[in-house]
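2 protein chains.
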Amino acid sequence: MGASRVLDNILTLIATLQQQCGADETIRGVGIGTPGFVDTNGVMIGGAKNIPGWAGTDIASPIRERFGLDVTTANDVTVAALGEARFGAGKHADNMLCVALGTGIGGGIVVNQTVYKGSHGMAGEIGHIVVEENGQPCTCGMQGCVEQYASATGVITIARQHASRFANRSELARDIAAHPDTLTAKTVYDHVRTQDPLAVFVHEYACRMLGKCFGMLLNTLAVDTIVITGGLSASADLIIPGVSHYVPRWCWHDIWERCTIVPGALGDSAGALGAAMLVFEEIDPHETV
Amino acid sequence: MGASRVLDNILTLIATLQQQCGADETIRGVGIGTPGFVDTNGVMIGGAKNIPGWAGTDIASPIRERFGLDVTTANDVTVAALGEARFGAGKHADNMLCVALGTGIGGGIVVNQTVYKGSHGMAGEIGHIVVEENGQPCTCGMQGCVEQYASATGVITIARQHASRFANRSELARDIAAHPDTLTAKTVYDHVRTQDPLAVFVHEYACRMLGKCFGMLLNTLAVDTIVITGGLSASADLIIPGVSHYVPRWCWHDIWERCTIVPGALGDSAGALGAAMLVFEEIDPHETV
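The listed protein sequences correspond, in order, to chains H and P.
Under our numbering, the first sequence has 226 at position 226, and the numbering climbs by one with no breaks.
Under our numbering, the second sequence has 166 at position 166, and the numbering climbs by one with no breaks.
No lab work stands behind these hints, which were simulated from the structure alone.
A couple of the hints might just be wrong.
Which copy is meant is left open, so a pair is good if it fits within one copy or across any two.
To be verified - Cross-link-like lysine to any residue pairs, in silico, SDA-like; alpha carbons within 20 Å at most: (1) Lys49 with His253; (2) Lys49 with Thr260; (3) Lys91 with His120; (4) Lys91 with Ala15; (5) Lys49 with Gln20.
Only a predicted model underlies this, so the values are computations on that prediction, with no experimental measurement involved.
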């Protein structure tokens, strides 16, 4: 779906919600989480390659003009982080990092109990932390980015690459040989639960790369809580102990022993709740459009 | 110098300053920057291995008890970051990272224009970001920490390790062979200026490792400014372009092109000024001890 369709859908949705909510004065503003980098004016700088034409799009102005409402924007994982921090798994955290393990890997940061967007809304681009020198080529143009190993896409790629080595001893490898195009990360994790050797290899590889990434992040941010969200968090019971095994190799001991990794508590609602909170926390009620 | 001597010196210094400043009511409080991790109560958690017995020391209570003054504490590079953010090279930054290149490597973070200490005062432990798997053993117990390559100690170690390879073609290598124990990082950088091949090798190695570290930090924090302080910042005119050459391999392009690396503007005063500012920013003037 192209940029203008996405923007049209947003405007239609706001109109519908406004109708449902009744009087305009009960609506404080509009909070939006979007993939990619969005600047403080609500204009996309880039990074959201899955929406053609989204870079350069001014999301905020059309909403302000049509509805006369204030608008605040942030990266989608940043608003999910805020949602989890206020209502979910990070409710008791002073400083937390939200890691979304989905098609790619994204990060959202809430420190000093405040959402941290970074200059130009670019903080938390943790999927592109390089964990393997001269590693897997990444869509971003670099090599060895952590999302090439530990996202759903990464897990699928690594499983396919190594399937032939495990051909004689892995049900997953046989599945891949028979239906190479239908492999999902869920299938890989289902096979981790039955100790399928290829699946275990892929899982350990992903956890090692993620552990390396988390170690660097913890040495930098020393958050007390890491919240795992995104599609792969359905396998958080496997991923959290797996990653925790590897983190200490890359992290100052005193920091690691004071950090907890937990699954998100809000599922897909985290983003919407966080975007809504962004309105209350960032839009001054005394300021007019 | 042991912990009790250090604490005695601090108390004596405060008494002297209090005498010089006159009436007590003009003193709002005491701000302290210290190596290592210091918690919100002013008690050392650890990390300052160069002061024997410092871990576990309660810095704040003796000051409160003896002088009746409020006390606030932070890591030494954290207060230097605040100093540079308020008065120095980060004065116009919204989000900045201060990197102290000295005997070790430390980091201080000022984001959303507020100092960020991390949970338990442990944020910015960037000297122990691992940049080389199975790399140089580090005092922290891990391997390949960036300070093993790009701190003064690291530069000296790498120069010594590789001197023999360059014996026939490097004045620096001949110096090291003649006086192996008196090598300083300054000598290495003096030789970089004359394009000595060993010195250039060591410098490029350090810059590559630092570039890797900065790339990860930028993908995480997306600061607009990185300020270089510490003893090695005397060679910032060599180090900044050197590091800048390597960062793009490890950093999302849109983030890197919006970040500037600059030398600190305040020298050794950054820490004292930052610690003083911490008093004004963290101690509520309406609260009594």
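Checked against the structure, which of the hints given earlier come out wrong? Hints 2, 4 and 5 not satisfied by this model.
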